[in-house]
Amino acid sequence: MAQRENSDYLTTKMALIQSVRGFTPIIGEDTFLAENATIVGDVVMGKGCSVWFNAVLRGDVNSIRIGDNVNIQDGSILHTLYQKSTIEIGDNVSVGHNVVIHGAKICDYALIGMGAVVLDHVVVGEGAIVAAGSVVLTGTQIEPNSIYAGAPARFIKKVDPEQSREMNFRIAHNYRMYASWFKDESSEIDNP
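Just so we're aligned, residue 217 is where the sequence shown starts under our numbering, counting upward by one.
No wet-lab data here; the hints were simulated from the structure.
Be careful, since some hints might not be right.
[Stated by the list, open to error] Each computed SDA-like pair below joins lysine to any residue, with the alpha-carbon atoms no more than 25 angstroms apart: (1) Lys399 - Val272; (2) Lys399 - Phe385; (3) Lys263 - Gly306; (4) Lys374 - His389; (5) Lys263 - Asp246; (6) Lys263 - Gly329; (7) Lys263 - Val316; (8) Lys263 - Gly244; (9) Lys399 - Gly262; (10) Lys263 - Lys399; (11) Lys399 - Lys300; (12) Lys373 - His295; (13) Lys373 - Gly341; (14) Lys300 - Thr240; (15) Lys263 - His295.
[What the hints assert, rightly or not] Pairwise CB distance ranges (calculated): (16) Met393 - Val260: 17 to 27 angstroms; (17) Lys263 - Arg370: 15 to 25 angstroms; (18) Val260 - Leu297: 12 to 22 angstroms; (19) Tyr298 - Trp397: 36 to 46 angstroms; (20) Val351 - Val236: 20 to 30 angstroms; (21) Thr240 - Phe371: 35 to 45 angstroms; (22) Asn252 - Met393: 34 to 44 angstroms; (23) Met393 - Lys300: 29 to 39 angstroms; (24) Lys374 - Asn252: 36 to 46 angstroms; (25) Gln299 - Phe398: 34 to 44 angstroms; (26) Tyr298 - Phe398: 28 to 38 angstroms; (27) Phe371 - Met230: 34 to 44 angstroms; (28) Phe371 - Gly238: 36 to 46 angstroms.
Glycine included, each C-beta is placed from N, C-alpha and C at the ideal position.
Assemble the whole structure, with the sequences as input and the hints as a guide.
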């Protein structure tokens with residue numbers, strides 16, 4: 217195992233956090249923001265969250281509210297419609313790589329798969345899974361503990377609520393662990 221060689225690098229780089237229209241993002245405690253993440257405007261995040269590399273949370277035209285233990289993975293974009301749609305994300309939610317969420321509500325323990333697009337006024341129910349690459353059309357109501365997939369996304373099947381909750385909780389908490397690797401300068405990195 218090799219020690220991190222340049223720990224100063226981590227402490228001198230910061231995410232872009234910017235006020236817009238008098239709104240300044242509020243970031244919860246114990247939250248990891250990758251150095252090139254962008255969080256602007258009316259964004260309020262809970263505790264224990266992580267916003268990964270190249271992710272953009274644009275609360276410039278309307279509000280974005282994010283619960284506790286949420287991970288917004290690399291390259292994802294969250295945005296809204298001016299005076300028409302907001303984003304609400306519950307607790308223990310995972311937003312996969314390169315996801316677009318535009319003015320939707322994502323309930324607790326949901327998983328949005330890599331490359332999915334979730335459009336305005338969508339509600340993703342508790343424990344639901346949106347499969348990778350899916351396009352969830354405007355106004356779709358995704359039932360709790362169900363899987364939706366495709367373009368446009370359609371109901372695939374119900375999932376056991378306990379299993380869904382456990383899986384999504386585990387993923388969300390794994391991302392807390394990954395974030396700790398970046399925040400803890402004394403962490404070791406495994407060499408392959």
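Okay, the hints, checked on the actual structure:
1. Proposed proximity of Lys399 and Val272 is supported: the alpha carbons are some 20 angstroms apart, at most 25 angstroms.
2. Proposed proximity of Lys399 and Phe385 is supported: the alpha carbons are some 21 angstroms apart, at most 25 angstroms.
3. Between Lys263 and Gly306, the direct Cα distance comes to roughly 12 angstroms. Compliance with the 25 angstroms bound is thereby established for this hinted pair.
4. As the CA atoms of Lys374 and His389 are separated by approximately 23 angstroms, the hinted pair is consistent with the 25 angstroms bound.
5. For the hint linking Lys263 to Asp246, the alpha-carbon distance of about 6 angstroms falls within 25 angstroms, and the restraint holds.
6. Distance check on the hinted pair: Lys263 and Gly329 sit about 22 angstroms apart at the alpha-carbon level, within 25 angstroms; holds.
7. Restraint check: the Cα-Cα separation between Lys263 and Val316 comes to about 22 angstroms, which is no more than 25 angstroms; the hinted pair holds.
8. Restraint check for Lys263 and Gly244: satisfied, since their Cα atoms lie roughly 4 angstroms apart, inside the 25 angstroms limit.
9. Only pairs whose Cα atoms come within 25 angstroms are accepted, and Lys399 paired with Gly262 is accepted, the gap being roughly 17 angstroms.
10. Among the hinted pairs, Lys263 with Lys399 is consistent with the structure: their alpha-carbon atoms are about 15 angstroms apart, no more than 25 angstroms.
11. A distance of roughly 37 angstroms separates the Cα atoms of Lys399 and Lys300; the hinted pair therefore is violated under the 25 angstroms criterion.
12. As the CA atoms of Lys373 and His295 are separated by approximately 29 angstroms, the hinted pair breaks the 25 angstroms bound.
13. Distance hint between Lys373 and Gly341 is fulfilled; the C-alpha atoms sit about 14 angstroms from each other, no more than 25 angstroms.
14. A hinted pair counts as satisfied when its Cα atoms are at most 25 angstroms apart, and Lys300 with Thr240 qualifies at roughly 20 angstroms.
15. Simply put, Lys263 and His295 have alpha-carbon atoms about 21 angstroms apart, close enough for the 25 angstroms limit, and the pair holds.
16. The given range of 17 to 27 angstroms is respected by Met393 and Val260, whose C-beta atoms sit roughly 24 angstroms from each other.
17. For Lys263 paired with Arg370, a C-beta distance near 35 angstroms fails the hint of 15 to 25 angstroms.
18. Judged by the Cβ atoms, the range 12 to 22 angstroms given for Val260 and Leu297 holds: they are separated by roughly 18 angstroms.
19. The beta-carbon spacing between Tyr298 and Trp397, approximately 38 angstroms, falls within the hinted interval of 36 to 46 angstroms.
20. Judged by the Cβ atoms, the range 20 to 30 angstroms given for Val351 and Val236 holds: they are separated by roughly 28 angstroms.
21. At about 40 angstroms, the beta-carbon gap between Thr240 and Phe371 stays in the expected band of 35 to 45 angstroms.
22. Take Asn252 and Met393: their Cβ atoms lie about 21 angstroms apart, and the range 34 to 44 angstroms is violated.
23. Range check, Met393 to Lys300: Cβ separation about 37 angstroms, and the 29 to 39 angstroms hint holds.
24. At about 39 angstroms, the beta-carbon gap between Lys374 and Asn252 stays in the expected band of 36 to 46 angstroms.
25. With their beta carbons about 37 angstroms apart, Gln299 and Phe398 fall inside the hinted range of 34 to 44 angstroms.
26. Separated by about 34 angstroms at the C-beta atoms, Tyr298 and Phe398 satisfy the suggested range of 28 to 38 angstroms.
27. Between Phe371 and Met230 the C-beta distance comes to about 42 angstroms, which sits within the given range of 34 to 44 angstroms.
28. Roughly 42 angstroms separates the CB atoms of Phe371 and Gly238, a value that falls within the hinted 36 to 46 angstroms.
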